[in-house]
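Chemist: Assemble the complex: chain X is given as a structure, and chain F must be docked to it using the hints.
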Amino acid sequence: MPEKYSETDIDAVREILNIGIGRAAGMLNRITRSHITLTVPDVEIISPKEFTERKKSQDKESLATVRLEFKGEFSGTTAVLFPPESAANLVMAITGEETGTPELDSIRIETLKEVGNIIINGVMGSVGNIIKSPLKYEIPAYNEESITNLITDSGILEEDGIILAMTKFSVADLDVQGTIVMVLETGSMDILLEKINSI
Amino acid sequence: MPEQEPFRITENFPIGICLIDQNFVVTYRNKILEKWSANKNSEIIGRSILECYPHLKDRLYLERIKSVLKGGPPDIFSSQLHEPLIPSYLPNGKKRTQTFTLMPYNGSDRTPGALIIVEDVTELRKEVEAYRRMKDQAITALNDRIEAEKEVLRANEEANLYLDILLHDINNLNSIILGYSGLLEESGEKLTADFANRISLAAKRSAGIVESVSGIRKIRENNSELIPVSLDKAVHDAIAHFKGSSIEFSDTGYKVMADELLSDVFLNIIGNSLKYGGEGVEIKVTAKDSGSHIEIRIEDDGPGIPEEKRDEIFDRFSRIKSTGPEGKGLGLYIVKSLIERYVSEIQVTDSEIGEKDRGIAFSFVLLKA
Numbered sequence: 000m001p002e003k004y005s006e007t008d009i010d011a012v013r014e015i016l017n018i019g020i021g022r023a024a025g026m027l028n029r030i031t032r033s034h035i036t037l038t039v040p041d042v043e044i045i046s047p048k049e050f051t052e053r054k055k056s057q058d059k060e061s062l063a064t065v066r067l068e069f070k071g072e073f074s075g076t077t078a079v080l081f082p083p084e085s086a087a088n089l090v091m092a093i094t095g096e097e098t099g100t101p102e103l104d105s106i107r108i109e110t111l112k113e114v115g116n117i118i119i120n121g122v123m124g125s126v127g128n129i130i131k132s133p134l135k136y137e138i139p140a141y142n143e144e145s146i147t148n149l150i151t152d153s154g155i156l157e158e159d160g161i162i163l164a165m166t167k168f169s170v171a172d173l174d175v176q177g178t179i180v181m182v183l184e185t186g187s188m189d190i191l192l193e194k195i196n197s198i
Numbered sequence: 000m001p002e003q004e005p006f007r008i009t010e011n012f013p014i015g016i017c018l019i020d021q022n023f024v025v026t027y028r029n030k031i032l033e034k035w036s037a038n039k040n041s042e043i044i045g046r047s048i049l050e051c052y053p054h055l056k057d058r059l060y061l062e063r064i065k066s067v068l069k070g071g072p073p074d075i076f077s078s079q080l081h082e083p084l085i086p087s088y089l090p091n092g093k094k095r096t097q098t099f100t101l102m103p104y105n106g107s108d109r110t111p112g113a114l115i116i117v118e119d120v121t122e123l124r125k126e127v128e129a130y131r132r133m134k135d136q137a138i139t140a141l142n143d144r145i146e147a148e149k150e151v152l153r154a155n156e157e158a159n160l161y162l163d164i165l166l167h168d169i170n171n172l173n174s175i176i177l178g179y180s181g182l183l184e185e186s187g188e189k190l191t192a193d194f195a196n197r198i199s200l201a202a203k204r205s206a207g208i209v210e211s212v213s214g215i216r217k218i219r220e221n222n223s224e225l226i227p228v229s230l231d232k233a234v235h236d237a238i239a240h241f242k243g244s245s246i247e248f249s250d251t252g253y254k255v256m257a258d259e260l261l262s263d264v265f266l267n268i269i270g271n272s273l274k275y276g277g278e279g280v281e282i283k284v285t286a287k288d289s290g291s292h293i294e295i296r297i298e299d300d301g302p303g304i305p306e307e308k309r310d311e312i313f314d315r316f317s318r319i320k321s322t323g324p325e326g327k328g329l330g331l332y333i334v335k336s337l338i339e340r341y342v343s344e345i346q347v348t349d350s351e352i353g354e355k356d357r358g359i360a361f362s363f364v365l366l367k368a
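Protein sequences, first through last, are from chains X and F. Numbering-wise (numbering that gives the first Met the number 0), the first sequence opens with residue 0 and increments by one. Numbering-wise (numbering that gives the first Met the number 0), the second sequence opens with residue 0 and increments by one.
Chain F on its own, in the form it takes in the complex:
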């Protein structure tokens, strides 16, 4: 019989220790194992483990226990594949989850036996199961999100398709309306020409809206990196739309970090000045090198914008109702969106070229290329 005395040291170990001899007789069990199992040590020690736990007579267990008792390699009985070798219970009566390792053991008298090491993995298992549930939930949530994003993408593509069709068809119709209203304006009849002129103005506004919507869409779709752009070219491209207007600008030779939409900033601000200031309004565009940035200022001598209204003018569909012409209020919204894209912000201040309270100035900085 293997000596049990050396095992007394394991009495208070937090792992279960059980010793059996070559005849399967239990010769030692430590305290924790007695506490875990439903039996007192006095009921088990001295009896065959196969009698105490008859399920061990099953070939699945018996062959492997015998192999260890014969001095064969250690064996492991994991909790996922087996009923526990020695059933143990939690205070609430539920079975503990345990792993059993069988090691061959010879006492000092060389008689073979086996050492059964019992590790309690009940809490570990609970934690792993909770972690698995949490992980599975996270994966499900992530998959749901990916699906939702795909759906948004699909919806966007559909909306873009409708927008394409609308913009294209409205533009075509606007051209037809402008063509015929132009003919009617030249009809020689005052009333007809007057009505035709109103039709032409409405069609031009409609074309303006189409252009603004296309501009906003371009900004939203354009996620490319900022590139070096000629400031002079952007300003000149914008000025070219307003032939006959008084716009002062001197070439600077500056290059700034922006993109091909930069001229739309000038186009909309200048267009806004002309819309509210009328044909005689004077506009001045200046640029100044401030080291890492270029400071740009566009000002006019038009009617100006009351200070309390200056914060709202960049909102979508905002326009200064009391100051005359109608518009859809998309132009300055486009300007703000573009300036934000260029990692900057736009300021509205008093103009230096307008008399007294007249005029308005838009200023912003762009990173030097």
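Looking at chain X on its own, in the form it has when it is part of the complex:
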């Protein structure tokens, strides 16, 4: 964690994410009429440099990624990433598909895009309530890429923070673990923390 972020900062970010994720879970439950629980067991804020040193060696895997870029007073990319087979299993559980192999084909990707986008929207809605200034969004996109790729792609500077949060889905008997990554442009993390502190 970059030194400038304290435990209190992380707790505040975790709280915002939890609220957003809770909202997303409620929406998914209503859409699918199944009981989906979503939790955020782990949150950390790290610098891209630290991330590269710590994760690069173990971050080769291509993950099923739904990402949303936003610009404004608060700019960056929020993404949800799943291992492809877990993503296929998650979609199959949500849509109630009972047979077939867990392969992430175009139909399942389309559904995963909606599910990922609901989670992202939950988080962004929660952040938006704090930021209180309009943001401009790009069209949500689906890719298969590693977290390192996602971070490199965003081209952010070394001193900025990356919010990494683990998410855990439970649908029926299935437990799927995914990652929420929020890569913020220079100054955005400071703005978020400033607004949180001013509440």
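Careful: at least some of the hints might be erroneous.
Here are the simulated lysine-lysine pairs, BS3-like style, with alpha carbons at most 30 Å apart [what the hints assert, rightly or not]:
| no. | chain 1 | residue 1 | chain 2 | residue 2 |
| --- | --- | --- | --- | --- |
| 1 | F | Lys56 | X | Lys135 |
| 2 | F | Lys56 | X | Lys112 |
| 3 | F | Lys69 | X | Lys112 |
| 4 | F | Lys65 | X | Lys135 |
| 5 | F | Lys69 | X | Lys131 |
| 6 | X | Lys135 | X | Lys48 |
| 7 | F | Lys34 | F | Lys56 |
| 8 | F | Lys65 | X | Lys70 |
| 9 | X | Lys131 | F | Lys65 |
| 10 | F | Lys65 | X | Lys194 |
| 11 | F | Lys217 | F | Lys203 |
| 12 | F | Lys125 | X | Lys112 |
| 13 | X | Lys70 | F | Lys69 |
| 14 | F | Lys69 | X | Lys135 |
Quick caveat, the hints were computed from the structure, so don't treat them as lab data. Just so you know, these numbers come straight off a predicted model, no measurement behind them.
Modeler: Then chain F, alone, in the frame of chain X:
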């Protein structure tokens, strides 16, 4: 109201475009969307999308549409989880499968609205479903095959068990028969000794069959890699079975790529020569280095094999009926199987040591170790 003019460019886009203002009023729809949906643009534009498509008043849709209209993040409505926001139909009347993306949009007058992007995935869905069916069929076929192979394996194991029991028990009985017939042969009574001799011969043939069947089984079961083997040892091991016979062989020092069954090749060919040529037959085994291979030749001066019969002698249960002794015809079948295992083939030609038309020669090459 968001301006619709900039959207005229999307008029002929292959994706559906619909614009609604903050009051849910449809302000623009492009041509493809008009074509897909059951309504003319003139029936829809200027009316609330909630009136046109009342299912959108359901909380599931309404909350999310409102959020986008307020400038919130874009939203996606996928075909697997929802009824279409804007129902569209194929020429045959069936519903199209479509994905809807809602993007917040502000016109130049800053009034909020939402852009609805409609992607038609009907054909894609059909293709994916066909692919899934094909894949599931392939997986089922593969599983069936795995099951069938397991069944074959199980049946083989069972057959092997029966074969083990049979071979073991027949061998035991053969030994008993040979023991008693040997005693009877020494009884001193000519007729009894004659009958006993015939019994002994039959028992020896029976033992020969058991040995051949065991040999074939060993070849079938032995899937190990070829290893360097001493040619001299293999030939000597075979010759040791025929003490008193005239077999010429000079040590070569060659090593060839084969396995522990190599001596069975010589054992069967020499045994065949002795069976058909009688005790006085002369046999010669030679080997020649030809660079990467060793050329091996086993020939005799026996009665020979007519040319038209030479192709058949390696078939299972084939034997040269007109030339005397009976056998089960498994010996040369074993030879051929082994030579094939050593990645080679066996040739049958005239012998160089037999007089005139007499004699036969078996030759093959083995990879040098």
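Chemist: All the hints need checking, so say for each whether the structure fits it.
Modeler: Status of the hints after comparison with the structure:
1. F:Lys56 x X:Lys135: 26 Å, holds
2. F:Lys56 x X:Lys112: Satisfied, since the Cα-Cα distance of roughly 23 Å is no more than 30 Å.
3. F:Lys69 x X:Lys112: Distance of about 22 Å is within 30 Å: holds.
4. F:Lys65 x X:Lys135: With a Cα-Cα distance of about 17 Å, the restraint between Lys65 (chain F) and Lys135 (chain X) holds, given a limit of 30 Å.
5. F:Lys69 x X:Lys131: 12 Å, holds
6. X:Lys135 x X:Lys48: 28 Å, holds
7. F:Lys34 x F:Lys56: 24 Å, holds
8. F:Lys65 x X:Lys70: Given pair Lys65 (chain F), Lys70 (chain X) holds - Cα atoms ~21 Å apart, limit 30 Å.
9. X:Lys131 x F:Lys65: 17 Å, holds
10. F:Lys65 x X:Lys194: 25 Å, holds
11. F:Lys217 x F:Lys203: With Cα atoms ~21 Å apart, Lys217 (chain F) and Lys203 (chain F) stay inside 30 Å; holds.
12. F:Lys125 x X:Lys112: Measuring from Cα to Cα gives roughly 19 Å; hence the hint holds.
13. X:Lys70 x F:Lys69: 16 Å, holds
14. F:Lys69 x X:Lys135: 12 Å, holds
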